[in-house]
Amino acid sequence: MKFKKPLEEYRSNPVKTAISDAIEAATALPATEIYQALEKPPQPDWGDYGWPCFPLAKKEKQPPNRLSANLAASTALPSGVEKIDSKGPYLNFHLDRLEIIRQVCRSILEAGDSYGGSTIGQGKTIVIDFSSPNIAKPMGIGHLRSTVIGASLKRIYRHLGYKVIGINHLGDWGTQFGKLVEAYRRYADPESMRVDPVKELYRVYVKIHEEAARDQTLEEAGRQVFKLLEQGDPEIVALWKRFSQISLDEFERLYRMLGVEFDFYTGESFFNDKLDSVIELLEQKQLAQKSRGAIIVPLDKYGLEPLLLRKSDGSSLYGTRDLAAAIYRRQTYNFDGMLYVVGVAQTLHFKQLFKTLELAGFDWVENCCHVSFGWVTLSGEMMSTRAGNVVFLEDVIEQTVKRSREIIERSNPELEDKDGVARTVGIGAVIFTDLSVRRDTDVAFDWDRMLDFTGQSGPYLQYAHARLCSVLRKYGGQPEIDADYSALNLPEEYAMAKLMLEYPEKVVLAAKHDEPYIISAYLLELAGLFSAYFQKYKSPEDKILSSDDRVRKARISLASCLRTVLKSGLTLLGLEAPERM
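According to the numbering used here, the sequence shown is numbered sequentially starting from 347.
Take the hints with a grain of salt, since some may be wrong.
Stated by the list, open to error - Ranges of calculated distance between the beta carbons of each label pair, as one might list FRET restraints:
id: 1; residue 1: P401; residue 2: E762; range: 52 to 62 Å
id: 2; residue 1: R602; residue 2: A534; range: 53 to 63 Å
id: 3; residue 1: Q692; residue 2: R532; range: 29 to 39 Å
id: 4; residue 1: H859; residue 2: G766; range: 31 to 41 Å
id: 5; residue 1: Q630; residue 2: K657; range: 20 to 30 Å
id: 6; residue 1: P376; residue 2: G766; range: 50 to 60 Å
id: 7; residue 1: E752; residue 2: D391; range: 42 to 52 Å
id: 8; residue 1: Y648; residue 2: G766; range: 25 to 35 Å
id: 9; residue 1: A534; residue 2: G660; range: 22 to 32 Å
As the list claims (entries may be wrong) - Using 27 Å as the maximum straight-line C-alpha spacing, the simulated DSS-like pairs for lysine-lysine come out as follows:
id: 10; residue 1: K470; residue 2: K429
id: 11; residue 1: K636; residue 2: K587
id: 12; residue 1: K647; residue 2: K573
id: 13; residue 1: K587; residue 2: K545
id: 14; residue 1: K647; residue 2: K657
id: 15; residue 1: K899; residue 2: K882
id: 16; residue 1: K657; residue 2: K636
id: 17; residue 1: K620; residue 2: K701
id: 18; residue 1: K433; residue 2: K899
id: 19; residue 1: K899; residue 2: K884
id: 20; residue 1: K647; residue 2: K587
id: 21; residue 1: K404; residue 2: K433
id: 22; residue 1: K631; residue 2: K620
id: 23; residue 1: K882; residue 2: K820
id: 24; residue 1: K820; residue 2: K748
id: 25; residue 1: K844; residue 2: K764
id: 26; residue 1: K844; residue 2: K429
id: 27; residue 1: K764; residue 2: K748
id: 28; residue 1: K657; residue 2: K573
id: 29; residue 1: K882; residue 2: K386
id: 30; residue 1: K820; residue 2: K884
id: 31; residue 1: K701; residue 2: K631
id: 32; residue 1: K844; residue 2: K386
id: 33; residue 1: K844; residue 2: K470
id: 34; residue 1: K470; residue 2: K647
id: 35; residue 1: K631; residue 2: K545
id: 36; residue 1: K657; residue 2: K701
It should be emphasised that the hints constitute simulated quantities derived from the structure, not laboratory data. Virtual Cβ for every residue (Gly too), placed ideally from N, Cα, C.
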């Protein structure tokens, strides 16, 4: 997408930037291209960063081994680099370890919570459409993916300086709502509606679909009720407003629990009065045509099924409403990019939507992107609200919090505010489970894995943060930006510093690929390095709180930097960073 082009060119690692500039001076190749190709060499002892010479060797018609040797002799030593040499086709750079530790610690201690952020997005606006549950149904675990992926992307882009507008495009319109009203009239229990209206509405919604399998007249009854709603029937409109408010109150309660915020709730119904003008526009451009009484946009020449704009009975469809929403958002927010965080099942729909907008002459559609994601599974089964086998999101959260409380009681019975910590850890475990895999991967919920304090989990990261907080509390003073970093001569200390150097680049990559997993994987690697370091060195002189004042101050500065980066990453993912666990 055009609005992401700066992400392709942005070089956020200062050492890699210096290296790519030095290679550019020696080869005349673009530094941004060189930067993207820098990688870890095939063998760890070859150096910290390697640049494969194959593309240049092909261009210069030289053997890559000879070219890399020549470049090793002719490339100027960049800042932060101790030595340049070659191994086979690789031009390798060995970093000055003390300089890297000093540079990283100073940068983090100066920047604080803003470390990893930038102004790359300054002056640009991104709209993110995410969560989007249907009204009158409890949020199931399947709704979690869009919610937490979208919320994380919102935080990531804001950290990079973008103005981000988060929109919850509620499913509050359509034929299914007609079925719900009909189900409410036939099956609803007044007492259940008083006690738990959302679950009662869900119960009758499932029931009417079960009954409709045996009685086809129920489908037609639902269509007729929706038609009355579109025509403004007072009774139906009143029920629609009541059900919508009940649902919105429930959704907002769950969003607060998850720490998720939206700038606007503009559901499908918001665009109901804008549909005629959209259809008229497509007719004027000779894109829309009648087919068996319905109105469609034929897309067969593009290998796509037609986009249905209006049914033969005159009722609207969500495709038309999505067209109206896209046009409205461009006119209202003048966005540079728009993301739709919606499941993979809607891939065809977004291909149809984007192609129709393109054919209508809206060139900004090339800046729109479907950020798809895989399914949520439980016991190997997909979940469907109509089938009635949904696992409610709140039930999963409460069960996870309960199990977290039990673990904390066993491992740290003296901990203050165990209930509060258990809620923080439990909710974090649920969110991290969703973000701990690439978004195109299906997610299977497993409580043992989610709550593994020693493994690849949210609690594991939170525990690493809490442990660092404990060390800093015991120290009692402030970290020194000008500590004597030459005292940090353990290999693990350099490894952690070098990895923290890469954090700003990970944030940029997460935005470039719309992939929070890049940050979650990074945090697990960083926490793993710290945990191994913390466990390995147990003698008094090797502990973080060493008896040697010079060593202790340097390690405290490093520990403070680790805490800052862990907290920043957890925040971008949507997890709280507890100070005690």
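Exercise. Checking against the hints above, which ones are violated?
Worked result: Per hint list: 2, 8, 10, 11, 12, 18, 20, 24, 25, 33, 34, 35 violated.
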